[in-house]
Amino acid sequence: MRSTFTLRAAIPLAVVTLVALLAVLRAFSFDEVPAILARGMQPATFPQLVAGLVVVLAGVAFLQDLRRPPAPQTALPRIYYLTVLLMALFAALLVLNLFLVALVVVTPGAALMWGERRPLMLIIMALAPLAAIVLFDMVFEVRFPRSPLMNLYYQWS
Amino acid sequence: MDLILSGFGALANPDLLMLIVITTLVGTVIGVLPGLSGTTGAALVLPFTLTMDPISAVVVLATIYGSSTFAGCITAILINTPGTSASATTCLDGYPLARRGEAGRAIGIATLSSSFGGVISVLFLLFAAPLLAGIAYQFGPPEYFALTIFGLSMLATIGGGSPAKNLIAGAMGVLIATVGVHLATGIERYTFSSDALYDGIGFVPVMIGLFGIAEFLRQSTELGLKREVIGMKATRLPCWADIRRIRNTVLRSTGIGTFIGVLPAEGATIASMISYNEARRTSKNREEFGHGSIEGVAASEAANNSAVGGSLVPTLALGIPGSPTAAIILAGLLAQGVQPGPTLFTEQTNLLSALFAALLLGNILFIGVGLGGAKIYARITQMPVPILWPLVFMFSVLGAYAIRQSVFDIYITLAFGLVGFLMQRYGFSVVSLAIGLVLGAMVEQRLDQSVAMYDGNWLLMFTRPIALAFFALTLLTLCAPMLARWRQKRKATRNGSGQGTRF
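Going down the list, the protein sequences come from chains A and R. Residue numbers are given in the UniProt record's numbering: position 39 of the first sequence equals residue 39, and the series is strictly consecutive. Residue numbers are given in the UniProt record's numbering: position 244 of the second sequence equals residue 244, and the series is strictly consecutive.
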């Protein structure tokens, strides 16, 4: 069955066009350099060219969608929004500089939310970030942001 | 031939052999972890090589480079997160194969193609390296610009969606690459006065977000679906019929990969993309591409691994690194007191022969690591979703952080995870965006240099035959779908009128 074009289907292309137009406008505020320094192009020229191209291509894609409308999207399940919320919680904990806590909460949290019920498995999932951090620290010499828990780890190691 | 024999003679040392085996395994682990690329691996082992003799040092660096590039395909196939940018194209068909329960077959195909591509490219380079270095010397900024534009034009047909939407995604990637300080003038662009954006948006966090986190979100939408029991099929390796089917694709992709790898640019990524497109164009099973084609996996992997050997040619012969990892190898050579240049091929034959022999041996070892491990790796796809994907999320976040040790990069990863999910949902290719981002800085730099070269008269670029040829190919690539449709329509009209006369 052929789907019909709806304004809803045009939203992604409208967002793309808006972002590209904002990029073009923003580029007008870039500083200009004297011609002797800008031997090739001014710093704003290339982004404006590319963003302009995006606007043109979005127009072409819109016309194509009008001729052959994309299949309508099914609604996203509740668990998707909960997962996004969990990611937001992760980001919030990062803002509070609680890197390790964020990982220890979110890794088993996602497993629990997605249906894992075995206590032992959830404990392993909570311990997995600790093991991964030790691996990245010891083998790849990656230093993690300081926090009370990380300080304990660094004192121990 | 003498060069190979003397190379294998140098590798007859058991310590050196053991070093190659260990380095191959380390490189494989590095390539498998999202965020840790061959460049990171080479950078990590560089300090250790300073204490080694020049031959061991070069052998270690080259083996890390080859094995991590190969291993990038494993995560691309299993969890849709390429270990390296060169494996981004492998996701297109490798992951659908894994989802179908054919992870072992996909990894096996990738292993054989990588290994074959690597071996042929090294053998070819043994004889043709000085000649190829001469060709690479013919490439100036306009030629590189034209080549990169040609590479970007391939995005139109990548991913199977609408060409216009694929190109939009690629152009958005190029636009994102302009964030940060403009290197030629020092002017800030789209930084919004944030120090974190001063150096631009890193490729690795974006890639991890677009592939790893976006897939994590997509998995959450499919939790309610009843999963197919894939059982032992997941660990099944490719059969002879598969190998026969990919034979020509691998040969063609190896040629493309070796040639493009020689050019000082982001060789492996462009090579895999062009090879993928070429494989799709010439395949009898074109409709399978993007849905789990073994030819797609073979094309991408043969090309990116053959580009590894190729990228060492300008590094060794001209002292111009062919890729970021080759730049680290160059640093390692200089630290050892080895001066790259045309004379290297006549004055340092021992070093070169050991390097080529190590690359050959490394490529043969991949078969063991890849095929031997394929059954084990494939079992990852059989892990319960609520266990596997939260772990992927954890490693994705750690990988995003590890590269620059910046929390800001984690925010970038999370944001691009959401963007990637929405892009896929609305028919935009995430592979196009990732490749646009990798090539963006290069396109601008080459265009800038070309414009400066001709004092602002950029039209003069079209007077250079190689550049003109690439521009013509770009035009052909972009017009090909329209031409194909027009031909189809004409054929249908002819058939229609033909039928009409019969009645």
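Quick caveat, the hints were computed from the structure, so don't treat them as lab data. A hint or two may mislead.
What the hints assert, rightly or not - Heads up, incomplete: computed chain A residues facing chain R, CB under 7 Å, no partners named:
id	residue
1	Ala35
2	Ile36
3	Met41
4	Ala51
5	Thr83
6	Leu85
7	Pro145
Every residue gets a Cβ at the ideal spot worked out from N, C-alpha and C, and that includes glycine.
A quick look at each hint next to the structure:
A distance limit of 7 Å between C-beta atoms decides the matter here; for A:Ala35 the minimum to chain R is near 9 Å, and the interface restraint is violated. Interface hint status for A:Ile36: violated, as the beta-carbon distance to the closest one in chain R is roughly 11 Å, over 7 Å. Annotation: A:Met41 was flagged as interfacial toward chain R, and the flag holds, the nearest CB pair being 6 Å apart, inside 7 Å. For A:Ala51, the suggested interface contact is upheld, since its CB lies about 6 Å from the closest CB of chain R, less than 7 Å.
For A:Thr83, the interface hint holds, the least distance from its beta-carbon to any beta-carbon of chain R being 4 Å, beneath 7 Å. About 11 Å separates the beta-carbon of A:Leu85 from the nearest beta-carbon of chain R, more than 7 Å, and the hint is not met. Given the 7 Å rule on beta carbons, the hint for A:Pro145 holds: about 6 Å separates it from the nearest Cβ of chain R.
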